[in-house]
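So that you can map any letter, position 166 of the sequence shown is 258 in this note's numbering, and since no number is skipped, the others follow by simple counting.
Calculated directly from the structure, the hints in this document are not laboratory data.
It is possible that part of the hints are untrue.
Only pairs whose alpha carbons sit at most 25 Å apart, straight line, appear in this in silico PhoX-like list of lysine-lysine [stated by the list, open to error]: (1) Lys202 to Lys238; (2) Lys120 to Lys105; (3) Lys202 to Lys270; (4) Lys187 to Lys238; (5) Lys238 to Lys270.
All of these numbers come straight from a predicted model, not from anything done at the bench.
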Amino acid sequence: LRYYINSAYLGDKRFGIWRLDFQSGERKVIWEQGEDMCNAHPQLDPAGTDLLIQHNRGAELDDTGRYIRLVGEIGATLFLIDINGENHRTLPVGKPYTERCQGHQCWIGKTGEILLTIGGPREQMTEQGNLLAVRPGDEAARVVAKGVYFDHTNASRDGRFFVSDTSPDARLVVGSLKTGRWRVLCETGSSLSSPQYTHPHPYLSPDNRWVIYNSDRTGIPHVYAAQVPEGLLEDLER
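Throw the hints in and build the complete structure from the sequences for me.
Structure below.
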């Protein structure tokens, strides 16, 4: 464990990605950008030294640093930098390559590939597939799965499976990143309303035996665990 990475408001409508070095104690801003970096969600590649960054194109803040709008009409996209804030690379996701990025993305284990969801007309996205994967250097993202409107997604640590909540019914589905086959795991009862804690935000446990998620089904947000039936994930790979 060497680095801690986070984003920070630097003032004057500027945002930065800063790096804390646990060995030296040095804290350094490695990337700085304007108000469209207000929702960066930096994620370090488990297999290397690349950082995945969310770019909310068209975001606006007032003079006090409060949001006027979180993202503009063109929508969000993603890009990469390295651990030193260098080697900037764009990814072919978000307009003009795909529909807008939802802002729900993660690294697929140590594969070097990124899992993400895009947003657009629900019927179109369900038919064409809005769960995508892309890696640095790709000319286009690939469709991972179709058939539902995927929302908040997460990949298993071993890079084989995914979990996602769906909209508008707030179900949890698990699936294979290899075959694209998926099954409904459970109903969350989440309201999917404005506060973020009403969104399931599911993720698979390191052993792939559980899915951890949020739900406000009782009126108060709680963290829940759903057990993955034995053999289910393996069957989806066939």
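Quick rundown of the hints versus the structure:
{"no.": "1", "hint": "Lys202 to Lys238", "result": "holds (24 Å)"}
{"no.": "2", "hint": "Lys120 to Lys105", "result": "holds (19 Å)"}
{"no.": "3", "hint": "Lys202 to Lys270", "result": "holds (15 Å)"}
{"no.": "4", "hint": "Lys187 to Lys238", "result": "holds (20 Å)"}
{"no.": "5", "hint": "Lys238 to Lys270", "result": "holds (13 Å)"}
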